[in-house]
Amino acid sequence: MSEFILLRHRQIPDLDQLEVYRQHGGFEAFQNAVTTMNPYDVTQEVKASGLRGRGGAGFPTGLKWTFIDNENWPHYVVANADESEPGTFKDREIMEGNPFQFLEGIALTAYAIQATEAYIYLRGEFWQIAASLDLQIKELEADGLLGEKIFGTDYSLRIFTHLGAGAYICGEETALLESMEGKLGQPRLRPPFPPSYGLFGKPTVVNNVETLTNVPFILTRGADWYTSIGTEKSTGPKIFSLSGRVNKPGNYELPLGTTFRELIFEHGGGIPDGREIKAIMAAGASSSLIIANEEALDTPMDYESVPKVGGALGSASVIVIDDTVSIDWVLYKTLHFFSHESCGKCTPCREGTFWMRHIIDRIHKGEAGWSDVELLNEVALQIKGTCLCALGEFAIEAVTSGIERFESDFQAKVTGVSSKE
Amino acid sequence: MIAEKYAAEIEIILAKYPLDQKRSAVMPLLYLAQREGGYVTKGDMVEIGKILGITSTDVASIVGFYTLYYDQPEGTIRIQVCNDLPCALRGADEFLEKLCENLGIKIGGTTQDGSVTVEAVMCLAACDKAPMFQVQSADGLSYYEDQTVRSALEVVETLRKQDASK
Ligand SMILES: Cc1cc2nc3c(=O)[nH]c(=O)nc-3n(C[C@H](O)[C@H](O)[C@H](O)COP(=O)(O)O)c2cc1C
Ligand code: SF4
Ligand code: FES
Numbered sequence: 004m005s006e007f008i009l010l011r012h013r014q015i016p017d018l019d020q021l022e023v024y025r026q027h028g029g030f031e032a033f034q035n036a037v038t039t040m041n042p043y044d045v046t047q048e049v050k051a052s053g054l055r056g057r058g059g060a061g062f063p064t065g066l067k068w069t070f071i072d073n074e075n076w077p078h079y080v081v082a083n084a085d086e087s088e089p090g091t092f093k094d095r096e097i098m099e100g101n102p103f104q105f106l107e108g109i110a111l112t113a114y115a116i117q118a119t120e121a122y123i124y125l126r127g128e129f130w131q132i133a134a135s136l137d138l139q140i141k142e143l144e145a146d147g148l149l150g151e152k153i154f155g156t157d158y159s160l161r162i163f164t165h166l167g168a169g170a171y172i173c174g175e176e177t178a179l180l181e182s183m184e185g186k187l188g189q190p191r192l193r194p195p196f197p198p199s200y201g202l203f204g205k206p207t208v209v210n211n212v213e214t215l216t217n218v219p220f221i222l223t224r225g226a227d228w229y230t231s232i233g234t235e236k237s238t239g240p241k242i243f244s245l246s247g248r249v250n251k252p253g254n255y256e257l258p259l260g261t262t263f264r265e266l267i268f269e270h271g272g273g274i275p276d277g278r279e280i281k282a283i284m285a286a287g288a289s290s291s292l293i294i295a296n297e298e299a300l301d302t303p304m305d306y307e308s309v310p311k312v313g314g315a316l317g318s319a320s321v322i323v324i325d326d327t328v329s330i331d332w333v334l335y336k337t338l339h340f341f342s343h344e345s346c347g348k349c350t351p352c353r354e355g356t357f358w359m360r361h362i363i364d365r366i367h368k369g370e371a372g373w374s375d376v377e378l379l380n381e382v383a384l385q386i387k388g389t390c391l392c393a394l395g396e397f398a399i400e401a402v403t404s405g406i407e408r409f410e411s412d413f414q415a416k417v418t419g420v421s422s423k424e
Numbered sequence: 007m008i009a010e011k012y013a014a015e016i017e018i019i020l021a022k023y024p025l026d027q028k029r030s031a032v033m034p035l036l037y038l039a040q041r042e043g044g045y046v047t048k049g050d051m052v053e054i055g056k057i058l059g060i061t062s063t064d065v066a067s068i069v070g071f072y073t074l075y076y077d078q079p080e081g082t083i084r085i086q087v088c089n090d091l092p093c094a095l096r097g098a099d100e101f102l103e104k105l106c107e108n109l110g111i112k113i114g115g116t117t118q119d120g121s122v123t124v125e126a127v128m129c130l131a132a133c134d135k136a137p138m139f140q141v142q143s144a145d146g147l148s149y150y151e152d153q154t155v156r157s158a159l160e161v162v163e164t165l166r167k168q169d170a171s172k
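Residue numbers (our numbering), protein chains in the order written: chain A, 4 to 424; chain B, 7 to 172.
Pulled out of the complex, with its shape left as it was, chain B reads as follows (with noise of 0.2 Å):
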């Protein structure tokens, strides 16, 4: 139950918009519900149209269309790299495939156990640093610059051993 929970996040969250404009919340609520477990429940997208006064198919419908909501969980940490067109002409792709080649996936694929998913995405506003990637993990979501595929398994190593001691 975010709405108990939050109380104060989501009155601060609220006040940013006009009153009767109170729909304006529904992105960053979202994303107080999905730091949660990860991914936005069924229930919070009830509670989320609560507090706002729409409906949870509204709310649903917003879920679907921006890519930064899930609304499943996923593998526990998921390793973005970007291989749009920029980041391509500096390697991106060589370097997506053999990273995926030393976990022992395809791209999109998740690691035997269960912990690691890469994937391909869009350009993140780091072109001029490729090969690069962001990591979205339940703590949020950071950027690794200039990489290797060395460096970018040690970073996976290192993420993955945080992730186990928890």
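The following block holds chain A by itself, in its conformation from the complex (with noise of 0.2 Å):
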């Protein structure tokens, strides 16, 4: 088996032991950047390193943190641990299994833009978790590793933990400052973007815990050594969450541009039952729906190739489908789940997203015709790019992929009460 960069846990027991992460070479890539190199050369390397962001957009995270505005002080760095997608389940394993290599992370984050403040927001059901870091951030604060006058040096860093309450929306991040900021967590209207107007309206560096995860190795091992895996475009590992119609569900740490079929077939277990497997949605309940053909399968899983056929790598959420599933039942499931997690905010969303579920809810029940087929698809479509944030959009992705790409399921659900009548 080769080396785990990010799920280490699984080959080194115990690693959430500050102790045992310590042994291994933890928090000196932090100690080696507070007192070697300065904060600008931190950035550059993980720019070098071609990283990009885990949370779903795969936003370059170097060229982030270049974004930060240093006319306006102070900063602040936010790990976004809200995973609350559908399909995904990665941070959470993060977090309870190897949670110093991501506070070393954040702690390597705070120094590139000089923050002296970070936040974790974790969603509500993480309270576990919370309590975890919690005492985790108190030991490093015990052993010197955070705290005042990190290291003899003039820099100070303070984390603290932030519990959601339910609602996905707060993963997006605006939406998720404003929930910081004790307010309903709607999004904002952008630009501003976060690295000039984030949380306390001060510049911030947004990113989600396995991005973070990654950085300790990053400036440990170098750029040169990160961008020996992966693809051109697409470098370092990734945890892909693996769910659905599988024989082995789970997380799976592997490289960017790993194919479909490897992660499915060779790792997943195949398809249980004998089953054939007949969608794949890659990023979670916002993806469109892959028809899982032989050069779907064949398609690696990185942020160019999964364009091409019909999708977006997004989370890494890799939802399996097979051949005794009906198109629009998954239909069903994903817009029960849009339609109660629009915040509301604006009207296309909200209307929309409700609507749909009320014309999806009768052609799951075979109470429907084509032409409410064709209703839900234009409704869709009058949704698409007039939301205030992607999740509008996340909404239509199975939508409109769905219908165009299996339109016999739904033909075969329609002509079934048209028989009746």
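Among these hints, one or two may not hold up.
[Unchecked claim] Computed, partial: chain A to chain B, Cβ under 7 Å:
| no. | residue |
| --- | --- |
| 1 | 127 |
| 2 | 185 |
| 3 | 203 |
| 4 | 204 |
| 5 | 205 |
| 6 | 264 |
| 7 | 265 |
| 8 | 336 |
[Said to hold, decoys possible] Result set (BS3-like, lysine-lysine): computed pairs, CA atoms no more than 25 Å apart in a straight line:
| no. | chain 1 | residue 1 | chain 2 | residue 2 |
| --- | --- | --- | --- | --- |
| 9 | A | 205 | B | 22 |
| 10 | A | 141 | B | 112 |
| 11 | A | 368 | B | 112 |
| 12 | B | 56 | B | 22 |
Bear in mind the hints are in silico, worked out from the structure with no lab data behind them. Values in this document were obtained by computation on a predicted structure and should not be read as measured data. Don't be surprised by glycine CBs; every beta carbon is placed ideally from N, CA and C.
Hey, can you piece these two chains together into the complex? The hints should help.
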């Protein structure tokens, strides 16, 4: 088995103990950065590594850090640990198994942008993880790895946890910041973006848990080493959360660019009960439905290749759908999710997800005709491009792709009705 | 009165945020209040508003927006089964239905003795371990993964006993 970079706790027992983490080189990257590097060089190394955000958008991480407004202080780092996309369960494993590497990643990011305070925003259900992180942060302070004048330098850093309370939209970075400010979790109008106007109106870097957990290794082993993993434009390892109709669901850490086939059939053990794979959602419920033909299965899972088969890599939460499943049911599930989670701030998303849910309920029950399927598609198209945040777009991905690519499933549903009539 | 009873904890919470950004403490303070009786009372909202210098209406709107806050007492043990897409692909809907059947309730309903409520909820980041549910009680919230109807009924029994012995 090759070496894990992110899920290292699977190879090193008790890695969630600070002592063990330090025995394996933990916090050397941070010490080295704070005592020998200037912050700019830390950012440059991360930029050179090609690391891209693992929270969904795939934005280059180092580049984001360079956007921080140095005319406006203080700066903040916020770790996005809201993890609520259906099909995503990777950040939870990192924080439970390898929490200190995540915390060291936050510390390095904070040093790079000279933030002296950082927050971790966790979904409310992760309160036990938050409680552990609070203790781990205390241990780091006791060891002089966080707190005042770290390693005898002038640099000080404190990290705090903050719990959300059950709202998917708070994973969207500006809604998350609103929520942290004690307001309703609703997205902000952008621009300005968080690096110029973030938490408390101050320049802020928001990064996903997995993104941050890469940073210590990039600093220890260097950008050249990092770029040797993955593909040219999608560098490094990635955790693929594999779920749905597979024999062995779970998190798999593999280089970006691994094919769907390898993930689903080699690592995931293939489809249960000898069934055929039918469709793939590559980015959780927010994905379009990719037809799982040979071409799709041989597609490398990286940010450039997945769009070529009509999808997006997003957070790499791969949901497998087999030939026992009718796609109208998939839409029924995703639309219930999105109509529940729309924050209600803009009309097309609030009303659109509500109506789409009603139409799909009828289709799913076999009480609709083909014109309803067309209506569903029309409502979806009306939402496109009219929303304040990406949730509205996420909500229609499965709808438009599902109707277009799996038309016969919908035909079967509606003809069921006409034969009864 | 949470302000007096939890004075030390409130201090610690407020210290997490800049002095002029006290409002950020509203979510942790609501959790503190909810720990007390399983839900947030009108009085709590007034008190929290006072501590943070915002109106109790502002506090109430936060309670309304986020699903993990309750403004009324609920069935003491809440079994929240995830039946979102990935879990449903692994049998969560059938699991939920059978569990409810065994408890003699409908989805969303409460058992006759008023002790257990079973609800369907959205993804809980445990999709590879379906069927799964979380249990919300006055003590907090915990996950139960890779469940069968039988193991779930055992969990319910254990929780009922614990609850009754309080
Ligand atoms: C509706 C919605 C939900 C999101 N949920 C999450 C989430 O749970 N976790 C996360 O890291 N990013 C989430 N994102 C992406 C964030 O807005 C943001 O892009 C990310 O935190 C940036 O970090 P990264 O560059 O390290 O990926 C979500 C975005 C949207 C539009
Ligand atoms: S698109 Fe939907 S979730 Fe996003 S701001 Fe508008 S209403 Fe809220
Ligand atoms: S879909 Fe049930 S935990 Fe994710």
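Going through the hints against the structure:
{"no.": "1", "hint": "127", "in the structure": "holds (4 Å)"}
{"no.": "2", "hint": "185", "in the structure": "holds (4 Å)"}
{"no.": "3", "hint": "203", "in the structure": "holds (5 Å)"}
{"no.": "4", "hint": "204", "in the structure": "violated (10 Å)"}
{"no.": "5", "hint": "205", "in the structure": "violated (9 Å)"}
{"no.": "6", "hint": "264", "in the structure": "violated (19 Å)"}
{"no.": "7", "hint": "265", "in the structure": "violated (18 Å)"}
{"no.": "8", "hint": "336", "in the structure": "holds (4 Å)"}
{"no.": "9", "hint": "A:205 to B:22", "in the structure": "holds (16 Å)"}
{"no.": "10", "hint": "A:141 to B:112", "in the structure": "violated (45 Å)"}
{"no.": "11", "hint": "A:368 to B:112", "in the structure": "holds (19 Å)"}
{"no.": "12", "hint": "B:56 to B:22", "in the structure": "holds (18 Å)"}
Violated hints for the displayed structure, listed by number in ascending order: 4, 5, 6, 7 and 10.
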